[in-house]
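Fit the two chains together into the complex; they arrive one by one in their own frames, and the hints show the way.
Protein chains in written order, with our numbering: chain D, 1 to 237; chain L, 1 to 392.
Bear in mind the hints are in silico, worked out from the structure with no lab data behind them.
One or more hints might be untrue.
Claimed, not checked - Computed, partial: chain L to chain D, Cβ under 10 Å:
hint: 1; residue: Y29
hint: 2; residue: L32
hint: 3; residue: I80
hint: 4; residue: L146
hint: 5; residue: V148
hint: 6; residue: G185
hint: 7; residue: F213
hint: 8; residue: A216
hint: 9; residue: E267
hint: 10; residue: V269
hint: 11; residue: D281
hint: 12; residue: L298
hint: 13; residue: P312
hint: 14; residue: S313
hint: 15; residue: N351
All C-beta atoms, glycine included, are put in the ideal place defined by N, C-alpha and C.
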Amino acid sequence: MSVRDVLSPFTAWKNLFRDPVSIPDPLNRAAAPRYRGFHQNDVEKCIGCGTCETICQNGAIDMVPVEGIETKSGDSGLRPRIDYGRCCWCALCVDVCMTKSLTMSNAYTWVENDPDLFCFTPGVDKKHWDNAELGYHCPTDRRITGQVRAHMRELEPETRIDSFVEIVQGYSVEEAILEADRCVACGLPCATAITSAAWNCSTPATRFPASAAASAPTSARTPALPATKATRSPSAG
Amino acid sequence: MALYTPDRSQYPAKKADGTLDIDLASGKYLKLWQGPNHPGITGNMSVELTVCGDEVVEGKTHVGYLHRGFEKLMERRSFIQCFPIVCRICVPEPDFNEYCYAAAVEDLSGIQSPERANWMRALILEMGRINSYLMYLGGQAGALGLGVIGQWTTYARDLMLDRFEEMTGARIYHMFILPGGVRDGLPDGFDQRMEETLREIESTMKDVHDVMFHNAVFKKRTVGQGVIDPAWLDQYGVTGPNARAAGVAKDVRRDQPYLVYRELEFEPVIGHDSDIYTRSDVRRRDLLMSVDLIRQILAKMPRSGPLIADMPSMLHWKIPRGETYVRGECSRGEYGYYLVTDGSGFPRRVNVRGPSYTHAMALLERMIVNINISDVAALMVSLHTYPPEIER
Ligand code: SF4
Ligand code: SF4
Numbered sequence: 001m002s003v004r005d006v007l008s009p010f011t012a013w014k015n016l017f018r019d020p021v022s023i024p025d026p027l028n029r030a031a032a033p034r035y036r037g038f039h040q041n042d043v044e045k046c047i048g049c050g051t052c053e054t055i056c057q058n059g060a061i062d063m064v065p066v067e068g069i070e071t072k073s074g075d076s077g078l079r080p081r082i083d084y085g086r087c088c089w090c091a092l093c094v095d096v097c098m099t100k101s102l103t104m105s106n107a108y109t110w111v112e113n114d115p116d117l118f119c120f121t122p123g124v125d126k127k128h129w130d131n132a133e134l135g136y137h138c139p140t141d142r143r144i145t146g147q148v149r150a151h152m153r154e155l156e157p158e159t160r161i162d163s164f165v166e167i168v169q170g171y172s173v174e175e176a177i178l179e180a181d182r183c184v185a186c187g188l189p190c191a192t193a194i195t196s197a198a199w200n201c202s203t204p205a206t207r208f209p210a211s212a213a214a215s216a217p218t219s220a221r222t223p224a225l226p227a228t229k230a231t232r233s234p235s236a237g
Numbered sequence: 001m002a003l004y005t006p007d008r009s010q011y012p013a014k015k016a017d018g019t020l021d022i023d024l025a026s027g028k029y030l031k032l033w034q035g036p037n038h039p040g041i042t043g044n045m046s047v048e049l050t051v052c053g054d055e056v057v058e059g060k061t062h063v064g065y066l067h068r069g070f071e072k073l074m075e076r077r078s079f080i081q082c083f084p085i086v087c088r089i090c091v092p093e094p095d096f097n098e099y100c101y102a103a104a105v106e107d108l109s110g111i112q113s114p115e116r117a118n119w120m121r122a123l124i125l126e127m128g129r130i131n132s133y134l135m136y137l138g139g140q141a142g143a144l145g146l147g148v149i150g151q152w153t154t155y156a157r158d159l160m161l162d163r164f165e166e167m168t169g170a171r172i173y174h175m176f177i178l179p180g181g182v183r184d185g186l187p188d189g190f191d192q193r194m195e196e197t198l199r200e201i202e203s204t205m206k207d208v209h210d211v212m213f214h215n216a217v218f219k220k221r222t223v224g225q226g227v228i229d230p231a232w233l234d235q236y237g238v239t240g241p242n243a244r245a246a247g248v249a250k251d252v253r254r255d256q257p258y259l260v261y262r263e264l265e266f267e268p269v270i271g272h273d274s275d276i277y278t279r280s281d282v283r284r285r286d287l288l289m290s291v292d293l294i295r296q297i298l299a300k301m302p303r304s305g306p307l308i309a310d311m312p313s314m315l316h317w318k319i320p321r322g323e324t325y326v327r328g329e330c331s332r333g334e335y336g337y338y339l340v341t342d343g344s345g346f347p348r349r350v351n352v353r354g355p356s357y358t359h360a361m362a363l364l365e366r367m368i369v370n371i372n373i374s375d376v377a378a379l380m381v382s383l384h385t386y387p388p389e390i391e392r
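One chain only, chain L, in its complex shape (with noise of 0.2 Å):
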């Protein structure tokens, strides 16, 4: 295990400006970088990390492996050109981006979307949290080396895909939430298909439940690990499951309810001690908490009338000036969108706020210090990043 020594002495001390004393050349410290290519990191950044033995005296998070421009691109094209860009903002869990960008430009608009349109969006988001907690379970068993529960999670992921392959026409950028709608209802016995989609994924998280969940290794390496301190939640802007297995419930869906979140029936997943295992707890149930709400949306959904609000010809829209900033509870966090209009047909500003950028950056920087190098790929998947929303 690891060289952890209560004994400080043996460790960089601080320089005047605040940055740690480290003398490469005296063969007590070692550089290693983790990523951007390397199965313990969340996709393509890295982790440079000087270590002592096994123990991490200092972590610099680097992105940029994956910048692709999205906020400059939008800034060049029209309105309804920007719809099929911003699902590639975050690859494993698309439909924030479609649902953040399109409310925020009928927000600007005017644009009311129509009731059995907001249905279908939730049911929608509800699925893609599915996918990507499903994704993240793997992720988090794969990283303490429980290859089997990725496998596991991959199938069951693989039958929400087929779910959202007959909804909306595509696996996984489905380019479906239309600014001022969806572009389709449900196809003739969805609900059937759905219903035996999720009693497999509840099998399969049963299974996950035994296996990862009651794993004295499992349990060894994470309890009590890469605690996140309720006090930084505020100082480092941290969202969503990370910030309720530190006890806060803090979850847009019930905060400030969008879509239809205010018929249905739901309290946030929260967990008290803040650690490793704690979060993957809470992201399990809150899993469970997503298959229990698309129940209900299906129960409670309309099944006629229109999916698309009465708008100009979108070859010609240009907004008023005006700004907005809309938001959602996606898989990890607060996820929003800025928009920024100047009455011309192109968007003037997109920022996108994805909760990756405070809790990969920042966050991970503090959290990694003192703890083992084979503990590093557990701590930053817990923390539930996707890099291509740090560098949009």
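Isolated chain D (complex conformation) (with noise of 0.2 Å):
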């Protein structure tokens, strides 16, 4: 113990002079450009395949029908309807999205009396934050889904044309595999039209590169995504 020890703590009278630090206006403060805030739709894009329901561990989205959207070829007719009281703004179901129509706006203060608001379609309740420029969106060069398509091969024309054999050569196993795991079984058809049987039948773990050295990876159980959602009636919590 020193003079010094005695001394020293007096110099925290210094702050009497130091301008205050803390935000003026917390209410206005601007989050940064990347925030995960309050979700936004583009319910034009969205096709309704429920993959973001799926991949939300939170059990934060419903997907619902909305008036004026139909269910039509390739659209189930259903739109994502999330519940904040559940959502922990972890923006997988961003990452996931098929279409990219669903993105998180940089918005994280909103004020109502009623709870009930805070479970709503993005997109179709109109929101103040809705079509933000800032806020999450997934990168273009990564998604968690497979992304690279599979290429069938294909025969040369000069081999063609001058004969019968069939020019489209079919998927090898592990290009099936590659293509299968592109699935996220949404039920809906689309061009790949890989089906729900071709991805229970698919070990995409064996693309890991550990699996390849592991003997016997069996797998015990097949992860519970459903076949269809597009006939699913929307749940009603």
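Rendered as structure tokens:
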């Protein structure tokens, strides 16, 4: 213990002469451009595939019918409704969105008296942050679902010209697995039209480098991805 | 001060089974609960004290106020769905959960996270360490009535949260370290803003040094108090600054370098007296070391290249049968994830080794005996424990 130990604490008084460091207007503080705030959805782009609902580990998303959007080929007619009493703003739904219609604005202040209003369908129930440019958008070069389409091999034109051999060569097992891996089992008809049967018999784990070394990576359970979503009735909750 | 007396005859005798013979009806002893809702407790746990006069004769730790069952929850979530859950296991320093979980998944599936992602991860972990220490310093000073330190460190921490916000998109639960890499790179102009923040933190730390560490009251109440005997380190599994303050240079970053720590220059900060003062000082110096590490990381990290590995769709992940233990040095000591997979799309078992489990339970119960009631808060905070990681 020294004289310094007795006097030094008094240096705290110098803060009397400092400017305050608090934020003068916290309600109007802008969030960072990447902030993960309330969702927005481009309902015209969204196809109601329900992949966002599948990945949400909080069960915050329900697919609900929306007035004015019909069920048609390639569109279930449903749109994601988000319950902000459950959402944890992880943005996995944004990352997984098949059409990139679902994004997050950087809006984080919204005051309402009625708690039920915090369960709404982005893009359908209009909000002040709709069409915000800032906020979290899934980077274009990264998707958590398979990106690369496996191309089906075809015969060269020179070979085709004088034979009746099937032009389209089909997939090898590896290519089929790669392609099945892209499927999100939404049940809506799509170009690749991989059926849920293809998904069930695929073992995407074999693409993991480690699994090549593991002798018997048997699947004990299959993730309970619903085969079709379009036909499901929306839950009332 | 304490009614401490070297005459032990007034204190309870040990019964044959090793428990203390405490007769509450005698009026000599009093039961006192500190927590779960008490400013002198770290988070949601409580200590059941039996006191004789001002002196604690026995202390029992109670947890269970914060049990959310993360480990069990994860057994029913796909691998990617566990990612937003893990950060919640430790609120003030969530990133270690994200990193350890991601590294464990990568280990079992054979994914290699890209070089640039590893640098980003190290940056995030060091930023989180600074935040955690800033929070600790406020708590340690506050436990001894020095409230102003908490105000300053909260300000400094808030600046760091701003950096987190612009980098990860969130302030507290960043949910940024995905298995396979990280979500994004650095935003434009980040280096400069980070440098300003680091300078501000250094200047705050200088004030903290003057007012907290050169403070007659703080010294009087912490020097020689709450000594962890170096012999207990292995016995109780003490790691991190608690061990380093006892003179043992345990630091996973150096002992078993992960991420990019091999390429950074640093020496584990150690102290020798192992008391509350030394532990605070080790953490203060460790914080300044993290400031230096962040500068090194920003100077050395690659600015281009992939941020996430090429992987199969995370919706379909089935990870081959296996088990692994991944560890890292968090601000409280060794943080570890033990992950078992069975080839299915869900983890078979996840076990989180939070350093608070060993520090706040067995070690605290041992150290709390024979101290003054008014020192319980300071002792407990000095072990730097976060209850959520005790009860995962
Ligand atoms: S994943 Fe995207 S496209 Fe599919 S339902 Fe959700 S918001 Fe719409
Ligand atoms: S941000 Fe996360 S928790 Fe919220 S709706 Fe999307 S997936 Fe669910």
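Checked hints:
| no. | hint | result |
| --- | --- | --- |
| 1 | Y29 | violated, 34 Å |
| 2 | L32 | violated, 30 Å |
| 3 | I80 | holds, 7 Å |
| 4 | L146 | holds, 8 Å |
| 5 | V148 | holds, 6 Å |
| 6 | G185 | holds, 9 Å |
| 7 | F213 | holds, 9 Å |
| 8 | A216 | holds, 4 Å |
| 9 | E267 | violated, 27 Å |
| 10 | V269 | violated, 22 Å |
| 11 | D281 | violated, 14 Å |
| 12 | L298 | violated, 18 Å |
| 13 | P312 | holds, 4 Å |
| 14 | S313 | holds, 4 Å |
| 15 | N351 | violated, 20 Å |
Violated hints for the displayed structure, listed by number in ascending order: 1, 2, 9, 10, 11, 12, 15.
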